[in-house]
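Let's have the full structure, built from the sequences with the hints guiding it.
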Amino acid sequence: MYTQALDIPQPKGEPKGPRVVENADYQAEFDAKIDAGGFIEAKDWMPEAYRKTLVRQISQHAHSEIVGMLPEGNWITRAPSLKRKAILLAKVQDEGGHGLYLYAAAETLGVSRDELYEALLDGRAKYSSIFNYPTLTWADIGVIGWLVDGAAIMNQIPLCKCSYGPYSRAMVRICKEESFHQRQGYDLLLQMMKGTPEQREMVQDAVNRWWWPSIMMFGPHDKDSQHSETSMRWGIKRISNDDLRQKFVDATVKQAEVLGITLPDPDLKWNEARGHYDFGAIDWEEFWSTVNGHGQCNVDRIAARRKAWEEGAWVREAALEHARKQAAREKVAA
Amino acid sequence: MERKEWPLWEVFVRSKNGLDHKHCGSVHAPDARLALQVARDVYTRRQEGVSIWVVRASDIVASDPDAKPELFDPAEDKIYRHPTFYTLPDEVNHM
Ligand SMILES: [Fe+2]
Ligand SMILES: [Fe+2]
Numbered sequence: 001m002y003t004q005a006l007d008i009p010q011p012k013g014e015p016k017g018p019r020v021v022e023n024a025d026y027q028a029e030f031d032a033k034i035d036a037g038g039f040i041e042a043k044d045w046m047p048e049a050y051r052k053t054l055v056r057q058i059s060q061h062a063h064s065e066i067v068g069m070l071p072e073g074n075w076i077t078r079a080p081s082l083k084r085k086a087i088l089l090a091k092v093q094d095e096g097g098h099g100l101y102l103y104a105a106a107e108t109l110g111v112s113r114d115e116l117y118e119a120l121l122d123g124r125a126k127y128s129s130i131f132n133y134p135t136l137t138w139a140d141i142g143v144i145g146w147l148v149d150g151a152a153i154m155n156q157i158p159l160c161k162c163s164y165g166p167y168s169r170a171m172v173r174i175c176k177e178e179s180f181h182q183r184q185g186y187d188l189l190l191q192m193m194k195g196t197p198e199q200r201e202m203v204q205d206a207v208n209r210w211w212w213p214s215i216m217m218f219g220p221h222d223k224d225s226q227h228s229e230t231s232m233r234w235g236i237k238r239i240s241n242d243d244l245r246q247k248f249v250d251a252t253v254k255q256a257e258v259l260g261i262t263l264p265d266p267d268l269k270w271n272e273a274r275g276h277y278d279f280g281a282i283d284w285e286e287f288w289s290t291v292n293g294h295g296q297c298n299v300d301r302i303a304a305r306r307k308a309w310e311e312g313a314w315v316r317e318a319a320l321e322h323a324r325k326q327a328a329r330e331k332v333a334a
Numbered sequence: 001m002e003r004k005e006w007p008l009w010e011v012f013v014r015s016k017n018g019l020d021h022k023h024c025g026s027v028h029a030p031d032a033r034l035a036l037q038v039a040r041d042v043y044t045r046r047q048e049g050v051s052i053w054v055v056r057a058s059d060i061v062a063s064d065p066d067a068k069p070e071l072f073d074p075a076e077d078k079i080y081r082h083p084t085f086y087t088l089p090d091e092v093n094h095m
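Residue numbers (full-length UniProt numbering), protein chains in the order written: chain A, 1 to 334; chain B, 1 to 95.
Some clues are possibly wrong.
As the list claims (entries may be wrong) - Restraint-style ranges between C-beta atoms, simulated for each label pair:
#1 A:K85 - B:D41: 13 to 21 angstroms
#2 A:W270 - B:K4: 55 to 63 angstroms
#3 A:A251 - B:I60: 25 to 33 angstroms
#4 B:D41 - A:E201: 16 to 24 angstroms
#5 A:K176 - B:K4: 32 to 40 angstroms
#6 A:K176 - B:T84: 31 to 39 angstroms
#7 B:P83 - A:E330: 34 to 42 angstroms
As the list claims (entries may be wrong) - Some chain A residues close to chain B (C-beta under 7 angstroms, calculated; not the full set):
#8 E22
#9 K43
#10 E48
#11 G97
#12 L100
#13 Y101
#14 A104
#15 V315
#16 E317
#17 A319
#18 A323
Unchecked claim - With a Cα cut of at most 27 angstroms, we get these calculated DSS-like pairs of lysine-lysine:
#19 B:K78 - A:K325
#20 A:K161 - A:K176
#21 A:K33 - B:K78
Hint data in this document are derived by calculation from the structure and do not stem from the laboratory.
Bear in mind the structure is a predicted one, so any value in this text is a computation, not a measurement.
Cβ coordinates follow ideal geometry from the N, Cα and C atoms, glycine included.
Right under this line is the structure:
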């Protein structure tokens, strides 16, 4: 699961839902609950802006899971062994499951899954920029598990304590499953690093291509992050983008060393005074252009999702029709 | 796009015998049989359950969140319903 686009604004067409009447007493009760670190549940009163923020964030998150199945799905039929194929299948299936948990959590806010999904298919909704990069070699599968799922875990652990009950419960379930994703990726890379020089080169090449996109997954710098402050106030976001990114970089350096590869950043070095690793400047132009639809694979990703949706339409309709006939038959029999 | 949405089902899973079924999320499915199938794939990929219930979300009757005070506050001052309300002599306090 991959939440990066968390605080990326929705351009237009906010999903609609039940109108929530503004009410000072309710607002006070809501604020008190948030301040006390309590949870808001689906049927509780909540400010409209809180609801909208959650719908945007949870659905972007769900879309990221579903689109995220594509770059890895690309390698299922070409996995080098039955063992690796079974592992990759299980991982991609998990990502589909994560999408489903999250759409279900979003639906508790008065929007429907199909409605949210439509926004993805017609390009209104955003998803994590990371999935708009191609998976060129088998090493990419390992690097995605290690770095992309690794960054996702950093992002997601604080969300387990998010103030909205259904979201936080979905995140607890997801986080339990993510650790397998990261470890299988690292394990795959370890094995490749024990292989031929060409295999080691493949790993280094994959790291070179995925490193920067991975650290962009934490989103814009705090000073440029427009929703962060209110999200913090509401207990939706607990740790800032930059703090999470730093944590990720600090944790990854050692892992890269053990693996025997070099992270592609000449400015990456330990800063004794800060007690953290310093790292180079991020290319935000690339980030925004990818988020806004001009990455290497944006068009392919949405086309693939559209194709699956459209070609599955007759199955969905037939299943509904079958259920309707079955119900009618049971009524007659009764 | 015309929407033909599958109905929503709430999913309850018994993680092992001896424990209650517990709500764990929801799924969309056209009928009960498929709801069970989908729930199995979505919520029990790692032996999380030995039994699943699915209930149409529209069939669930829930208490009104606005009625929370009158429903649940009356229990607040009935502390004598708890064993800790009674202080007994030390020799028998483990009773
Ligand atoms: Fe995931
Ligand atoms: Fe994952």
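Consistency of the hints with the structure:
| no. | hint | verdict |
| --- | --- | --- |
| 1 | A:K85 - B:D41: 13 to 21 angstroms | 19 angstroms, holds |
| 2 | A:W270 - B:K4: 55 to 63 angstroms | 57 angstroms, holds |
| 3 | A:A251 - B:I60: 25 to 33 angstroms | 43 angstroms, violated |
| 4 | B:D41 - A:E201: 16 to 24 angstroms | 39 angstroms, violated |
| 5 | A:K176 - B:K4: 32 to 40 angstroms | 34 angstroms, holds |
| 6 | A:K176 - B:T84: 31 to 39 angstroms | 35 angstroms, holds |
| 7 | B:P83 - A:E330: 34 to 42 angstroms | 50 angstroms, violated |
| 8 | E22 | 16 angstroms, violated |
| 9 | K43 | 5 angstroms, holds |
| 10 | E48 | 17 angstroms, violated |
| 11 | G97 | 5 angstroms, holds |
| 12 | L100 | 5 angstroms, holds |
| 13 | Y101 | 6 angstroms, holds |
| 14 | A104 | 5 angstroms, holds |
| 15 | V315 | 10 angstroms, violated |
| 16 | E317 | 6 angstroms, holds |
| 17 | A319 | 4 angstroms, holds |
| 18 | A323 | 4 angstroms, holds |
| 19 | B:K78 - A:K325 | 53 angstroms, violated |
| 20 | A:K161 - A:K176 | 14 angstroms, holds |
| 21 | A:K33 - B:K78 | 24 angstroms, holds |
The structure fails hints 3, 4, 7, 8, 10, 15 and 19 (numbered hints given earlier, in ascending order).
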